[in-house]
Amino acid sequence: MPLRSGLLAQIQNVIGSAAASNLTASSASSDLFEVFVWSIAVDAARQEGAQVEFKDVDGNVATQFHFRTSPGYIFSQAHPYTHAEFTFPHCPELEAHVGVRVSGRSGVLHECDVAVLSKAEADLCRSASTSPRSARVLLSVECKFYSSDVPLGMARAFVGLTADLTAKNRYFVVNTRSDSAERLLTHQKRGWEHLITPGSTTVSRLHNEFRTSFKHFKAWGH
Amino acid sequence: MPLSVDEAEQAFYELTGIMRQLGMSWLLDQVEATVALGKQVLVSESAARKISRTDYRDDLAGSLTVNVARGSATPAEAVRRPPKPNQLTRTVPYTPAERLQLLVQALRTAVVGADALERNIVEFATRNQRGSAPIVFRPDERPDHAPGHEASRERIRSRESHIAQLDSLLTELLDAIDAA
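Residue numbers (the numbering used here), protein chains in the order written: chain S, 13 to 234; chain D, -16 to 163.
These are computed hints drawn from the structure, not numbers from a lab.
Please note that a few of the clues may not be correct.
Rough simulated footprint, nothing fancy, chain D against chain S, three-plus residues with beta-carbon under 8 Å [claimed, not checked]:
#	region
1	41 to 48
2	56 to 62
3	66 to 75
4	97 to 110
When the alpha-carbon atoms are kept at most 20 Å apart in a straight line, the in silico DMTMM-like pairs for lysine to aspartate or glutamate are as follows [said to hold, decoys possible]:
#	chain 1	residue 1	chain 2	residue 2
5	D	K22	S	E194
6	S	K230	S	E123
7	S	K67	D	E106
8	S	K230	S	E194
9	S	K201	S	E221
10	S	K180	S	D191
11	S	K131	S	E97
12	D	K22	S	E97
13	S	K131	S	E194
14	S	K67	D	D123
15	D	K22	D	D12
16	S	K67	D	E133
17	S	K230	S	E65
18	S	K230	S	D191
19	S	K180	S	D70
Distance ranges between label pairs, derived from CB positions [said to hold, decoys possible]:
#	chain 1	residue 1	chain 2	residue 2	range
20	S	E65	D	Y77	45 to 51 Å
21	D	Y77	S	K131	48 to 54 Å
22	S	S141	D	V75	43 to 49 Å
23	S	S141	D	Q23	45 to 51 Å
24	D	S115	S	G233	30 to 36 Å
25	S	H102	D	Q23	25 to 31 Å
26	D	N69	S	L207	30 to 36 Å
27	D	L157	S	G71	48 to 54 Å
28	D	E(-8)	S	G172	37 to 43 Å
Since this is a predicted model, take the numbers as computed values, not measurements.
Beta carbons: idealized from backbone N, C-alpha and C, even for Gly.
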């Protein structure tokens, strides 16, 4: 079937109006993707029985969601960035953040696209302007929004990152797929999920993985 | 008449030009990185030896690829299995039609897929906030260098019909490539 004459011209005419101006930068799509994955973690905690509240850095209830466009510090006062607070019965409270730096075993700071950590650690870090220790992180997620296959190098970097980041549950989550990256991560026994897009069947699998992490946390917390 | 090689190459060239004009070079970089790596197929050792003796390697290799798909496994899933000792992984270049397909799918992910993400998180925010204020994205460091952006119902609504139209046009283009 040959291309219909004028098809590309029609695409050209409509694409400028369809693509939001901010989506001409890949980083804007990545920001949306990180918040999407964070929202999956929030829903998973809620379904596992957590009470959820949204707060800003000063502990005020968030009336509007603010997120980072670049990795930052949990104690940052640059904007009233939003995090979610999870309260499970008889358990220490947790917080879920987007794009915060976490200190690895080596003391080096690494970016966690999504991080769920103990509220006590987060409070300490906010008051002392320090970064959370990865050992106090329950769940960390490396999010990759790609228009094409995720390069193998990203998976390699994740394997290296997780050698230093001692969070209990670490995931590499992408919106597309890559055979080689997935083979490497499976071989290295790292958690990963692919094709994470709104409405896809793999979202429920990721949701359940997060739920399992919270279930185990509740068991430890008692 | 199927989509010819020339048509696929011309369409690829035109689409890349459109994306560059729109400042979506990042997307082209990602597609080009995938294209540069080529695609992996499994061949038996005897086929590999046969391929090595001919000048028309890619033509021959197509017919000698190991058929590893069993049961419900798709070819993509099949190649994910570790190769057997007598199998080798061969990298072959994408055809012009496949390159065009990668580009169109990337464009759909970047525009239609990102719109779906924005729609989803705005719905999440609306469910979880008292009002329907926009979601604000702001840089933590060097705020003077990057102004940030917002996600809101109004913005989604304003481009709703364009997204639907683009999605339909891209589907038409993908169908034409598939038919080839």
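Item to check | Stated coverage of the region 66 to 75 of chain S by chain D [criterion: 3+ residues, CB within 8 Å] | outcome: Our answer is that it holds, as 3 residues pass the Cβ test (under 8 Å) against chain D, meeting three.
Item to check | Whether the CB-CB distance between E65 (chain S) and Y77 (chain D) falls inside 45 to 51 Å | outcome: holds (49 Å)
Item to check | Given pair status - E106 (chain D), K67 (chain S), alpha carbons within 20 Å | outcome: With Cα atoms ~18 Å apart, K67 (chain S) and E106 (chain D) stay inside 20 Å; holds.
Checklist entry - Does the Cβ-Cβ separation between L157 (chain D) and G71 (chain S) fall within 48 to 54 Å? => result holds (50 Å)
Next on the checklist: Checking one constraint from the list: CA of K67 (chain S) to CA of D123 (chain D), max 20 Å. Satisfied?
Outcome noted: holds (17 Å)
Checklist entry - Is the hinted pair K201 (chain S) and E221 (chain S) satisfied, with a Cα-Cα distance of at most 20 Å? => result holds (15 Å)
Next on the checklist: Between the alpha carbons of K22 (chain D) and D12 (chain D), is the straight-line distance 20 Å or under?
Outcome noted: holds (17 Å)
Next on the checklist: Three residues or more, CB to CB closer than 8 Å: is that satisfied between the region 56 to 62 of chain S and chain D?
Outcome noted: With 0 residues closer than 8 Å to chain D, the region 56 to 62 of chain S misses the three-residue bar; violated.
Checklist entry - Can the suggested window of 45 to 51 Å be confirmed for the beta-carbon pair S141 (chain S) and Q23 (chain D)? => result holds (48 Å)
Checklist entry - Does E65 (chain S) lie within 20 Å of K230 (chain S) when you go C-alpha to C-alpha? => result holds (18 Å)
Item to check | 20 Å Cα cutoff - pair K67 (chain S), E133 (chain D) | outcome: holds (19 Å)
Checklist entry - Straight-line Cα separation of K131 (chain S) and E194 (chain S) no greater than 20 Å? => result violated (33 Å)
The structure fails to meet hints 2, 4, 6, 8, 10, 12, 13, 18, 19, 22 and 25 from the earlier list, while all remaining hints are met.
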